[in-house]
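Each protein sequence line maps, in turn, to chains A and B.
FYI, in this note's numbering the residues of the first sequence are 1 to 948.
FYI, in this note's numbering the residues of the second sequence are 1001 to 1475.
No lab work stands behind these hints, which were simulated from the structure alone.
Don't take each hint at face value.
Said to hold, decoys possible - Derived CB-CB ranges, DEER-like:
| hint | chain 1 | residue 1 | chain 2 | residue 2 | range |
| --- | --- | --- | --- | --- | --- |
| 1 | B | 1345 | A | 874 | 31 to 41 Å |
| 2 | A | 829 | B | 1174 | 23 to 33 Å |
| 3 | A | 719 | B | 1283 | 50 to 60 Å |
| 4 | A | 916 | B | 1345 | 34 to 44 Å |
| 5 | A | 874 | B | 1276 | 25 to 35 Å |
| 6 | B | 1078 | A | 525 | 40 to 50 Å |
| 7 | B | 1174 | A | 823 | 23 to 33 Å |
| 8 | B | 1077 | A | 672 | 51 to 61 Å |
| 9 | A | 731 | B | 1270 | 53 to 63 Å |
| 10 | A | 104 | B | 1471 | 49 to 59 Å |
| 11 | A | 920 | B | 1276 | 43 to 53 Å |
All C-beta atoms, glycine included, are put in the ideal place defined by N, C-alpha and C.
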Amino acid sequence: MEDSTWIWILRFFGRLHPLTVHFPIGLLIVAFFMELFTIGGKRQPLREGIQWMVYLGAAFAILAAILGLLLRTYDDYTGDLVRFHQNMGIAAAVSVALTALLLRITLKGKLSSFIGYRSALGCTVIILGTAGHLGAQLTHGEDFLTDILPGNNRFYDDSKAVALLTDLSPLDSLSEAQQDDLNLEVRAILAQNCYQCHNENKQKGELVLDSKRGVFKGGKSGSVIAPGRTADSELYRRITLSPNHDDVMPKKGKVLKDTEIDLIGLWIEKGAYWSDRALKVFPEAPLALSKPNLPNISGENHPIDKLVDVYFEEHDIDWPAVVDDKTFVRRAYLDIVGLLPEPGKIAQFVRDQNPGKRNVLIDALLDDNTNYTQHWLSFWNDLLRNDYSGTGYIGRGRKQITDWLYRSLEQNKPYNLMVKELVDPTEASEGFIKGIQWRGVVNASQRTEMQAAQNIGQSLMGVNVKCASCHNSFVSNLTLEQSYGFASVFADSVLELNRCDKPIGKMAQVNFLYPELGEVAAETLKERLRLLSEVMVKPENGRLYRTITNRFWKRLLGRGIIEPMDEMDGTPWDSALLDWLAADFIATGHDLKHLIKTIMTSKTYQLQIAVYGEQQMVKSDAYIFQGPLLRRMSAEQFSDAVSQVVAPVYHAVSYTPQKGELSSNRIWHREVKYDRDVLPDPGKRYFRRTFTLANKEIAMAEVLISVDHSYQLHMSGKKVSQGTDWRKVDKLEVGEFLSPGGNTIAIEGTNEGSMAKPAGILFAMKIRYADGEEVLIQSGEKWKSTPGPVDENWTAPDYNDTNWANAKDFGSRHWDALVNFKFAEGGPNFARASLVKQHPFMKALGRPSRENVTTSRDEQATLLQALELTNGVYFNQVLADGADRWLEKYGNDKEDIVTSLYHSSLGRKPTKQEKKVMLAVLGTEPTKEALQDLFWSTLILPEFQFIY
Amino acid sequence: MDINNSRRDFTKKMGKASFAAAATSIPTASFLGSCNSVPTIASKADTVILLWMAGGMAHTETFDPKAYVPYEKGVESKRVLSTFPKVPTVVDGLHFSQGLESIGSVMDKGAIIRSYRSADLGHILHTRHQYHWHTCYEPPQSVQAPHLGAWIAKELGPVSPVIPPFIAMGQRFTVGEGEELKAFHSAGFLGSEYGPFLIPDPSSGLDSVRPPQGMSLKRFEARYKLYKELADKSGIMERGSDYQRESLMRSMEQSYRLLNSPEAQVFDLSQEPKKVYDTYNTGRFGLGCLLAKRLAMNGGRFISVSTEYEPFLGWDTHENGHLRAAKMKELIDRPIAQLIKDLDASGHLDRTLVILASEFSRDAIMEGRPGEPVKDQVNQPDIIENEKFYGMHRHFTNGSSIVLWGGGVKKGLVYGKTADERPCSSIEDPVVIDQVHQSIYHALGIHPETNYTIEGRPFYTTPDGQGKPIMELFG
């Protein structure tokens, strides 16, 4: 518009808006209250006053709305908040006009009651209030009200700024230390208020405030700082503008505090010195442990209890009750060995009169090395991103550390040594820092060296390096340079910094995240790793020990002393407790079992569970410790418990701690499409193996056989056995089928189903002659196979199979090692879930795919999980297997079935009522189906699925 | 089924459980930079069907044919641009490769993007490109990236209470690169609740949504009743009301109701008339299209049907390319065309977006893309003396086709172009995966800057929330 004389009038009127808005608000609110007084026909004399207030209110509201529109249009207000305020304001004007109209109609007698008008008035007041509030936010800033609420200034505490202002303002010249302090405080203010838009990535207005270069380079409109001349500095001008000015900074209705503004002013005035010291904006936990002294509490003996007693005292909490023996024994078993206690063991424990029996049990369980290892292995696999299958293995871009880990746990290797071996690895433990390498080019922030830095940061040190591997972190003090410096420890060559995957022409300098702990720079990779491993495990690095202690506490009591556990700069609910535990852990030789023992022997661990209504509460900072949480069994604990009670859930393991005598692999007929080996199609295939026996007396001949899916075994022309379940190993005495000279094994195998899928025969035969000589025949590529058809003579030793092909060795990867595929007796009859390859059933129950470090599993029940438990083929098969076994064992004894089931699964006998319900289901003669349903109903019970 | 009705039903039946679950999931929703509510976009579709041509479908042999050079002994490899003649489609001037006549006949209801450019990830690994296509992120990532379907499930939830919002059909994980396939068939950090409901064999899809095999409905109900009774009688955890226990009990109830619901019959392909069944039945992929149709008509949200990836099989032709492409076209042509016709006839195509795509294309000569050579994975002779070498056997990442129908897509549109001479690269309006995802989100009304904060990092549907939908696609 050319005619600027007009504009100033419009702008002037527009600026009357803030004045006029107060009239309708005042008038209508008073009208509303007076209206309330007249309800029920009382105080009629008020009516005339109310009437005028409403009419006047309406007039002013409409006026205010019009002026508001002028203000917005000619004073250039934009943004969401303005838009909302505008819409609300217009709505208010419409609403009040309507109210006035309704009142008029009602008073004229056209409406019989005041209800319509009164409701309209009510609505009007609410809309007006909202519009007014939004307007106030525009004028005073959105956090005008909230920023004085306690606890609402999470990071910036201005007491330091106030102190600096008082100390430094009067001085003529500042010392270097004072300059440093002043600058760092100013940068802290910039970080809290400006970085979000003015960082290297966003660069709003081409201005960057998170680096020296950026601050002094300025933005689109030139330099922003004029050292020594506060008033001439654009930055200072912007932060001191009125909050509704177009140019004001920060945007979004935020306003700096006066102390903040003054301090920035002072800094510029004193020459805008830039300190070389690194800025630490975010709270950071001290590295060293505080080594708290134990309080002198006469009532408590255990150090943890002494500390918790003080905590309870401070929080006005009475000690909750300790759990009874039955509950304790179940908890202790599940926590140390991951299995349910056998019913006999529970009874024995309860009967035991020894007052120290709980400590005795904890010791005994910790001494059960195999089961301790096979339970805790899952925790470490999650933490160290180790698994038996997953991405990366395909191109040798990933390596397991299972054997190293298993041995370390079995030997209870001191934790500092474990850390050293992870960081400065042997061949057996190098998989951890090797990371996962996919074929092809990867993002700079995901190169394996960076993965090593991220994983060590997260798993071992409780610090988030991930954010800082792309750009300076927005959630911690870590910088891109620090991350690259740390990653360089693991690199063969010097790394170039990449910001958001773009090289920035700067080379990294080798360092550790916490340089105060010691130097890690060295010529060779090997030397750097050695230095790092030594620096990391120093007792001065309390953070390392705090992190693992906190994780163990969470594992045993359900919630960490600090949460989230991967951000160890958070606030512990009891720092003395955490630091004491970590210090004690160091003092007692970094002994992980000792740490478990220390926690579990405390009364604190043995308290009954604390009940919380909401998960948010438990995860939040407002959490108050009142006892252990109710925990859901992990996928592995649940599978193993079902294996113990009902039937083996898993039969084969991916990792075998002890190598057996057998090396049989699965074989099947080789199938080819387009010149390539493919998965076998469904159907029957035929297999033969001929062998010659010496003319000697045979003392023993045994066969182990398992075929996916089903088989018929013939030896020397006679049928020996058949089977339909590859997970079961059939163990057969076959001496009668053998004779000196030529013999044949002939197997008809069937690959069932409708799609091509892996199939395989696993076979081993051991023959011992009377003179002690042994012969071992195993499935392998020497076997012959054909897709058929075959004539009836195919099982005979003299059958001519020369035109059959050699069978293909399918290895055992797809099936893993069956725990029962061994000639020796004894040992567990089910596969511990921790040794089993990731499987859909466990995945549904929350076992993570270990592509990334996982430090806490999702414990919340989900629908997919419930579906898996309700109609999952896999789980139902286990129940069916179990029904067969139980019927075989207990026959018709219904009482026995019901009692045994409760004893073995819940560790108690059923109540009368429970018994009645279950017996009714079993009917007169228990069927397989009834038993399955009984199992299901019991295993799904919260009482079974939770550790309480 | 009336979609609105069932939606209300869902809220009624499951509301409490889902809200509780949503409130406690670890990632926290955020829209950086906007403290106020997020502007909503009007949606054009409720349902997405992804027809996944796994293994690298050559554009020059399918939807973007070039000069046909018939096989003869001694033909030069470099002359072979297409091994099939062109055939016209129902759209004027739009030609497909021979063998796709049926799909050509429904192109008046769809659009084609001819200029998709895959990422350059260096040495080719199919599953890595597939991971990138489905999640929009290049693996590895420091947190697990969610599948496109999981984002949609998370943002929009199920349409019908009995149909899981993310269903993936046709792919088995027992094949080569199975672990890599699993890595992106995942809800990642969004939580397993939004993960795929896997149906490797569409003809047995019903098994996943009814009581366990061999269990009568009566027994199923009795079993649940027994559990409830025992749970009520167990006095162990009576003290207070713990959120853990509550959520477990609720999820069991939810699952019981789902499996007990008659609507699950939608998974039963045997209810289709034989003639219809036979039209679709070209194998598992065809039956997948049939099930996708039933799901889309009855409250499916995101449904993918894959021709299945198995190294060196399917579209992954490393030899006999011509012969095998012909077979693959037989597999897809009839069922896809029928799917579009059926959805159109029933009126569902308007609110269903159907997309056909592949991780990259193939070429007889070029591995990777011009200017970014990667290691050749197949030996291709200069002179073809054996028909085995006649076809597209190398991985080409600089141009491929995406076909779309329904969901507000402009009918008959041809977007982008590839060169007619080798290398047949995208030369007009090149499209990258971020745009494809954002176009799908746009059709569904999901805000382009949707993100969650995980481990301190805002994680967007497309990297840094910078992807833009291709607005020209929509009418």
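Evaluation of the provided hints:
no.: 1; hint: B:1345 to A:874: 31 to 41 Å; verdict: holds (40 Å)
no.: 2; hint: A:829 to B:1174: 23 to 33 Å; verdict: holds (26 Å)
no.: 3; hint: A:719 to B:1283: 50 to 60 Å; verdict: violated (37 Å)
no.: 4; hint: A:916 to B:1345: 34 to 44 Å; verdict: violated (58 Å)
no.: 5; hint: A:874 to B:1276: 25 to 35 Å; verdict: holds (33 Å)
no.: 6; hint: B:1078 to A:525: 40 to 50 Å; verdict: holds (46 Å)
no.: 7; hint: B:1174 to A:823: 23 to 33 Å; verdict: holds (30 Å)
no.: 8; hint: B:1077 to A:672: 51 to 61 Å; verdict: violated (26 Å)
no.: 9; hint: A:731 to B:1270: 53 to 63 Å; verdict: violated (42 Å)
no.: 10; hint: A:104 to B:1471: 49 to 59 Å; verdict: holds (50 Å)
no.: 11; hint: A:920 to B:1276: 43 to 53 Å; verdict: holds (47 Å)
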